[in-house]
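Asker: Chains B and D, in that order, give the protein sequences.
Following this note's numbering, the numbering of the first sequence begins with 146 at its first residue and continues without gaps.
Following this note's numbering, the numbering of the second sequence begins with 146 at its first residue and continues without gaps.
Hints were generated in silico from the structure; no laboratory data involved.
Glycine included, C-beta positions come from ideal geometry on N, C-alpha and C.
Treat the hints with caution; some may be incorrect.
As the list claims (entries may be wrong) - Per the computed footprint, the stretches of chain D lying under chain B, defined by three or more beta-carbons under 8 Å from a beta-carbon of chain B, are:
| # | stretch |
| --- | --- |
| 1 | 272 to 283 |
| 2 | 335 to 349 |
| 3 | 480 to 492 |
| 4 | 511 to 518 |
| 5 | 521 to 534 |
Below are the chains, spelled out letter by letter.
Number of protein chains: 2
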Amino acid sequence: MVKSWATSPETLGVDLHIELGGAGLRSGLMDALREAVRGGRLTPGTRLPSSRTLAADLGIARNTVADAYAELVAEGWLTARQGSGTRVAQRAAARQDRGHPHRPPARGKPTYSLMAGSPDLASFPRAEWLKAARRALAEAPHEAFGFGDPRGRIELRTVLADYLARSRGVYASPERIVVCSGFVHGLALMGRVLRARRVREVAVETYGLDFHWKLLTDEGLRTPALPLDELGTHTGELGNSRAVGAVLMTPGHQFPIGLPLLPDRRAAAIDWARATGGLILEDDYDGEFRYDRQPAAPAPLRPHGKPVRYWKGQVGALQGLDPDRVVYMGTASKSLAPALRLGWMVLPESLVTEVAEAKGLGDSCGALDQLTLAEFIRSGAYDRHVRGMRLRYRRRRDELVAALAEHAPHIGVTGLAAGLHVVLSLPPGLDERSIVRAANWRGLAIQGLGAFRHPDATSAKWGGLVVGYGTPSDSAWAGTLEVLLDVLAAVAG
Amino acid sequence: MVKSWATSPETLGVDLHIELGGAGLRSGLMDALREAVRGGRLTPGTRLPSSRTLAADLGIARNTVADAYAELVAEGWLTARQGSGTRVAQRAAARQDRGHPHRPPARGKPTYSLMAGSPDLASFPRAEWLKAARRALAEAPHEAFGFGDPRGRIELRTVLADYLARSRGVYASPERIVVCSGFVHGLALMGRVLRARRVREVAVETYGLDFHWKLLTDEGLRTPALPLDELGTHTGELGNSRAVGAVLMTPGHQFPIGLPLLPDRRAAAIDWARATGGLILEDDYDGEFRYDRQPAAPAPLRPHGKPVRYWKGQVGALQGLDPDRVVYMGTASKSLAPALRLGWMVLPESLVTEVAEAKGLGDSCGALDQLTLAEFIRSGAYDRHVRGMRLRYRRRRDELVAALAEHAPHIGVTGLAAGLHVVLSLPPGLDERSIVRAANWRGLAIQGLGAFRHPDATSAKWGGLVVGYGTPSDSAWAGTLEVLLDVLAAVAG
Numbered sequence: 146m147v148k149s150w151a152t153s154p155e156t157l158g159v160d161l162h163i164e165l166g167g168a169g170l171r172s173g174l175m176d177a178l179r180e181a182v183r184g185g186r187l188t189p190g191t192r193l194p195s196s197r198t199l200a201a202d203l204g205i206a207r208n209t210v211a212d213a214y215a216e217l218v219a220e221g222w223l224t225a226r227q228g229s230g231t232r233v234a235q236r237a238a239a240r241q242d243r244g245h246p247h248r249p250p251a252r253g254k255p256t257y258s259l260m261a262g263s264p265d266l267a268s269f270p271r272a273e274w275l276k277a278a279r280r281a282l283a284e285a286p287h288e289a290f291g292f293g294d295p296r297g298r299i300e301l302r303t304v305l306a307d308y309l310a311r312s313r314g315v316y317a318s319p320e321r322i323v324v325c326s327g328f329v330h331g332l333a334l335m336g337r338v339l340r341a342r343r344v345r346e347v348a349v350e351t352y353g354l355d356f357h358w359k360l361l362t363d364e365g366l367r368t369p370a371l372p373l374d375e376l377g378t379h380t381g382e383l384g385n386s387r388a389v390g391a392v393l394m395t396p397g398h399q400f401p402i403g404l405p406l407l408p409d410r411r412a413a414a415i416d417w418a419r420a421t422g423g424l425i426l427e428d429d430y431d432g433e434f435r436y437d438r439q440p441a442a443p444a445p446l447r448p449h450g451k452p453v454r455y456w457k458g459q460v461g462a463l464q465g466l467d468p469d470r471v472v473y474m475g476t477a478s479k480s481l482a483p484a485l486r487l488g489w490m491v492l493p494e495s496l497v498t499e500v501a502e503a504k505g506l507g508d509s510c511g512a513l514d515q516l517t518l519a520e521f522i523r524s525g526a527y528d529r530h531v532r533g534m535r536l537r538y539r540r541r542r543d544e545l546v547a548a549l550a551e552h553a554p555h556i557g558v559t560g561l562a563a564g565l566h567v568v569l570s571l572p573p574g575l576d577e578r579s580i581v582r583a584a585n586w587r588g589l590a591i592q593g594l595g596a597f598r599h600p601d602a603t604s605a606k607w608g609g610l611v612v613g614y615g616t617p618s619d620s621a622w623a624g625t626l627e628v629l630l631d632v633l634a635a636v637a638g
Numbered sequence: 146m147v148k149s150w151a152t153s154p155e156t157l158g159v160d161l162h163i164e165l166g167g168a169g170l171r172s173g174l175m176d177a178l179r180e181a182v183r184g185g186r187l188t189p190g191t192r193l194p195s196s197r198t199l200a201a202d203l204g205i206a207r208n209t210v211a212d213a214y215a216e217l218v219a220e221g222w223l224t225a226r227q228g229s230g231t232r233v234a235q236r237a238a239a240r241q242d243r244g245h246p247h248r249p250p251a252r253g254k255p256t257y258s259l260m261a262g263s264p265d266l267a268s269f270p271r272a273e274w275l276k277a278a279r280r281a282l283a284e285a286p287h288e289a290f291g292f293g294d295p296r297g298r299i300e301l302r303t304v305l306a307d308y309l310a311r312s313r314g315v316y317a318s319p320e321r322i323v324v325c326s327g328f329v330h331g332l333a334l335m336g337r338v339l340r341a342r343r344v345r346e347v348a349v350e351t352y353g354l355d356f357h358w359k360l361l362t363d364e365g366l367r368t369p370a371l372p373l374d375e376l377g378t379h380t381g382e383l384g385n386s387r388a389v390g391a392v393l394m395t396p397g398h399q400f401p402i403g404l405p406l407l408p409d410r411r412a413a414a415i416d417w418a419r420a421t422g423g424l425i426l427e428d429d430y431d432g433e434f435r436y437d438r439q440p441a442a443p444a445p446l447r448p449h450g451k452p453v454r455y456w457k458g459q460v461g462a463l464q465g466l467d468p469d470r471v472v473y474m475g476t477a478s479k480s481l482a483p484a485l486r487l488g489w490m491v492l493p494e495s496l497v498t499e500v501a502e503a504k505g506l507g508d509s510c511g512a513l514d515q516l517t518l519a520e521f522i523r524s525g526a527y528d529r530h531v532r533g534m535r536l537r538y539r540r541r542r543d544e545l546v547a548a549l550a551e552h553a554p555h556i557g558v559t560g561l562a563a564g565l566h567v568v569l570s571l572p573p574g575l576d577e578r579s580i581v582r583a584a585n586w587r588g589l590a591i592q593g594l595g596a597f598r599h600p601d602a603t604s605a606k607w608g609g610l611v612v613g614y615g616t617p618s619d620s621a622w623a624g625t626l627e628v629l630l631d632v633l634a635a636v637a638g
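Excised from the complex, chain B in its bound form (with noise of 0.2 Å):
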């Protein structure tokens, strides 16, 4: 079997890749350690992680980092002293030429990640996800096991309809819910279902992602931008035109601006669509994720030097103002996992049997995940989960403002008030692009505004770095900010 590890990049300094073919996993980190030192990676001297903080990031056994450190300090790779740790030995690197099989290089991985868009995958809450399998799995009626109804299992439409309604403010039943692989499963279905009602364009946001217009695109529909000004994105020049069908929306955090849309603006959509009988397509994908305090220092970004008007309230979905015209769309994939593939849709009644039509038996998702996650917010564990990465992130959020404050004054932020990114506001004459080469230069993944821009898009370009700090592991994130601030004060120098 061939698995492959990464280490988070702080942990060890540098960022170990550990491939198994046929040999163990012990083998498999003694050839990444060797790799490492022998290319100059690890320098001499270098104290390496304890082996419980290092199996912890790789998410394996820490006796099998013992034993590897063990058998690397008997090959003279490293020494161990009481009290100093496991340090990297000062002839090891010299050791270049003797003879150890040669590895091909680390791939072209970068070594540090602020790419927006995935939580942090470290903190899966494996344990309590295992007990929630099974006493799902102790409790599944044995039909449960059979093709089941496309909507998805109805322990889960039910127990996600009280938890939407208390936790976003969404107008939900179990019948209004149809349960999708993530919002990119979701917003295809509604793409088909769109064009089979013969709309022909659904209008998006300036600023957005890419592959959501290609899906659209796919169904054969057009994809016009929606204009943006210092306010957000605006419905109003649809006026009451039929011509556009539907509206892709971030009202609670827009991606990647992260700006919640204004009571105004929300009340103009709804307007649109109740003229025109067209829909508004809500993505809610970090919905979770509000920290509702506003930052010790809030530098809201300033387009063209305006600044901006910035609503503080809690924001619920905008599915809640007029249930029958919005279709509400979340997923696990920010406050679980990705790989979870489980996101759920709240429809217009008058909506739901087409899109389980179109769902069909073809693309439904397993039930056994379904059950799992019914009980997983049940019991509780899903708000407990949900409360501890809000801390977690918001910690990470409060340092990055804090660090920015201190070495990168010149540097403003804004789209604080929720999510897993936020954007930074660049100085007159500091390029986005410059600074992202830069970055990646110094092996750190990240992305500026630009690249989320709509290509038909007529609004003024907003510039920015968008920052995901979410995405980085918890012990890799001190070293993935050191980067960036050093990046930062580079370009600026």
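Fit chain D to the supplied structure of chain B, relying on the hints for placement.
Answerer: For chain D alone, coordinates are given in the frame of chain B:
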């Protein structure tokens, strides 16, 4: 939470639908039992199964059943006497109007089912599956919780390559495998890919599943029917025509006819594919369940009175003959459970990228189930489960054959060598539709061959009854068989 349970008919003599709204499981069970008594489905004096038996059948705790029984005894619906078990009280039926809240009558669901296409859902190996999930969760690297490879987890593709090679003679490597959510998903992906390649027609078999054909037509493909004669499906009429771009077949065990495709027909199909550049889509839906030895008294189907030559060897996958012209598709739906939504495609190398792209992020499958299945196969639990189920299904098949020989000697049986269903051939003058109607009237869901016939097929019609003996639970099997025999005896008499 709304949940629903259903008893196996044999356990209680009637089926019991238990639905839970706000109330608990015990009170739902009590309502269902009261309703069965009130409605006359459980008559006074009827002995109820032990609480252990009913609990096992429902998959709920024994105490819940025991408590429900005790309360119903206290209410006067049931009686419990040492040595005679729990019975419906003599006066119970008379209580009909005594103020218990009105419940709608049970849904029109049939009590017994011999519908083909489902395994015995009650035998899903819950404990073994949970064990595999525990190991998979413990060993998964952090990156496994991310979006992942649209082809599916490498761990699963690696063990599948090995498993399919040794169990089905499939030429497989992890790089050629794409994991999908069951056969229907795989077929939809192939439909999309073929359409993008400008294929217009995919030929299908004279007998098959209409929702498979519909999937293809939904993708814009025509689905002409291949002719069928007593030796099986033949591709001869395709000649060297390129009008048909692919052929969908069930070579291992024609569904629903039940016979394997004979060697010369296999060779002819491959010849056609090679000559025209066409593809064969091999639906190996129940490849795991072969019984190898001929049953005691084989009674092959005799359409038009002609005897059928019948290939007795092990039937490997067609794909082995030409891995570059055959798309092999397998599924966990028959060997484990449809609810897993896991299937696999072994593709010609030239198709892998297209299929992975068609699948995309949108409808990939949950990684945790994939890792669990990989561990389930790796540990040998899959082989053990399949072996166990093969014995169980085989025993049922033998009981069916023996019972028919004794009680309905005028009925022939075919498709005995493999799978979870057989076809009963009927003597002249006996119409399958009248038997299906009689069976439905007795609460037995079953289908005739006519339900599987392609609407445009021109080959001679075959008559017969498709008996999915894999569908009932172990506890329901004997009762279901009895009803079938009653129906056959009644129509014969």
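Asker: Each hint: holds or not?
Answerer: Verification of the hints:
1. 272 to 283: holds (count 6)
2. 335 to 349: violated (count 0)
3. 480 to 492: As far as the stretch 480 to 492 of chain D goes, the hint holds, because 6 residues have Cβ atoms under 8 Å from chain B.
4. 511 to 518: Since 4 is at least three, the answer is holds.
5. 521 to 534: Not satisfied, violated; 1 residues make the cut.
This entry does not satisfy hints 2, 5, going by the numbered hints stated previously.
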